[in-house]
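K.L.:
Per UniProt numbering, residue 1 is the first one in the sequence shown, and the count goes up by one each step.
Treat the hints as calculated values from the structure; they're not laboratory data. Just so you know, even glycine gets a beta-carbon here, dropped at the ideal spot from N, CA and C. Warning: the hint list may mix true and false statements.
[Claimed, not checked] Derived Cβ-Cβ restraints for the label pairs, each shown as a range:
#	residue 1	residue 2	range
1	Met5	Met186	36 to 46 angstroms
2	His263	Glu46	17 to 27 angstroms
3	Ser3	Pro112	50 to 60 angstroms
4	Pro22	Arg109	30 to 40 angstroms
5	Glu183	Ala83	49 to 59 angstroms
6	Val71	Pro174	34 to 44 angstroms
7	Pro22	Glu46	32 to 42 angstroms
8	Pro174	Ala122	24 to 34 angstroms
9	Asp123	Val71	13 to 23 angstroms
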Amino acid sequence: MTSRMTYAALGSSFAAGPGIAPLVDTNAARSGRNYPSLLAAALGAELVDLTVSGATIATILDEPQVTLTGVEFPPQVDGIPAAADLVTVTAGGNDLRYAGSLLTTAWNRVEPDGPMADVLTADYGTTIPAPTSADVDRTAAGLARVVDEVRRRAPRARVVLVDYLTVIGPRTEPAPGIPFTPEEIMALRAVQEALEAACALAADRTGADLVAVSRVSRTHALGAPEPWLQPFTRNLARTAASFHPNAAGMAAVAAEVGKALRHGDPTRPVGLGDVGR
Numbered sequence: 001m002t003s004r005m006t007y008a009a010l011g012s013s014f015a016a017g018p019g020i021a022p023l024v025d026t027n028a029a030r031s032g033r034n035y036p037s038l039l040a041a042a043l044g045a046e047l048v049d050l051t052v053s054g055a056t057i058a059t060i061l062d063e064p065q066v067t068l069t070g071v072e073f074p075p076q077v078d079g080i081p082a083a084a085d086l087v088t089v090t091a092g093g094n095d096l097r098y099a100g101s102l103l104t105t106a107w108n109r110v111e112p113d114g115p116m117a118d119v120l121t122a123d124y125g126t127t128i129p130a131p132t133s134a135d136v137d138r139t140a141a142g143l144a145r146v147v148d149e150v151r152r153r154a155p156r157a158r159v160v161l162v163d164y165l166t167v168i169g170p171r172t173e174p175a176p177g178i179p180f181t182p183e184e185i186m187a188l189r190a191v192q193e194a195l196e197a198a199c200a201l202a203a204d205r206t207g208a209d210l211v212a213v214s215r216v217s218r219t220h221a222l223g224a225p226e227p228w229l230q231p232f233t234r235n236l237a238r239t240a241a242s243f244h245p246n247a248a249g250m251a252a253v254a255a256e257v258g259k260a261l262r263h264g265d266p267t268r269p270v271g272l273g274d275v276g277r
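Work the whole structure out from these sequences, hints included.
P.N.:
Written out as structure tokens, the structure is:
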């Protein structure tokens with residue numbers, strides 16, 4: 001009789017799954033239908049889900065994270081089982097102010113004098129960042145440190161970097177639920193491209209596997225007929241989940257990671273139900 005695989009998931013909101021029912025940890029804004037949960041079920045693995053919305057590379061590695069509910073989470077790597085067989089990492093977006101810039105820009109467009117715009121602007125500023133090559137390199141270096149630390153703590157684990165679903169696609173344009181100007185869309189796309197580059201660079205430097213879900217989701221971005229993302233909402237209880245993966249998006253990510261684990265080829269079409277067969 002073989003023992004079950006142990007799978008640990010690290011990451012920020014694009015892994016945790018805010019806004020997707022059921023929330024299994026409201027303090028972490030973590031869904032029971034996020035991609036780690038779906039992947040673990042498909043693999044028949046025991047899941048240690050350490051993902052926390054709002055996480056940065058620092059709070060994954062060596063700093064505690066205090067969430068909006070006031071609860072403190074220890075560095076995520078502290079929870080990795082030494083016997084882990086698989087560890088996925090989805091991080092770097094908050095280091096490049098990706099999700100924060102999306103939400104701040106949207107609120108400044110729809111209600112510039114409102115309290116949400118004020119709060120977000122205080123945290124993220126009034127302009128969309130323009131990442132430099134140094135920013136990409138710094139983020140990649142941080143992700144590489146995460147990979148190295150995972151390997152130190154769980155020597156037999158396969159480490160997989162999973163990048164971010166594409167939010168701003170090639171055909172994304174201003175529309176209801178997409179409250180950006182064409183210029184803002186271009187600037188946000190540049191941040192997205194920097195994040196993709198950082199993840200790819202980290203994988204190249206460390207030899208970790210990379211599942212580039214950004215590539216397979218180009219046609220499921222904001223404004224697509226079948227988006228894998230939640231639209232912008234002014235509902236204050238749900239607005240933080242705006243522009244994050246929806247249930248279909250999480251299922252797609254789980255399928256892509258499972259495909260890579262099974263075949264080592266993220267371009268070969270294999271359904272989530274086939275993972276682990």
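K.L.:
Run every hint past the structure and note whether it holds.
P.N.:
How the hints compare with the structure:
1. Met5 to Met186: 36 to 46 angstroms: Between methionine 5 and methionine 186, where Cβ atoms are some 43 angstroms apart, the hint holds.
2. His263 to Glu46: 17 to 27 angstroms: Taking Cβ atoms as reference, histidine 263 and glutamate 46 lie about 23 angstroms apart, which means the hint holds.
3. Ser3 to Pro112: 50 to 60 angstroms: holds (56 angstroms)
4. Pro22 to Arg109: 30 to 40 angstroms: Given range 30 to 40 angstroms: holds, Cβ gap about 32 angstroms.
5. Glu183 to Ala83: 49 to 59 angstroms: holds (50 angstroms)
6. Val71 to Pro174: 34 to 44 angstroms: holds (37 angstroms)
7. Pro22 to Glu46: 32 to 42 angstroms: violated (19 angstroms)
8. Pro174 to Ala122: 24 to 34 angstroms: holds (26 angstroms)
9. Asp123 to Val71: 13 to 23 angstroms: holds (19 angstroms)
Of the numbered hints listed earlier, the single one contradicted by the structure is hint 7.
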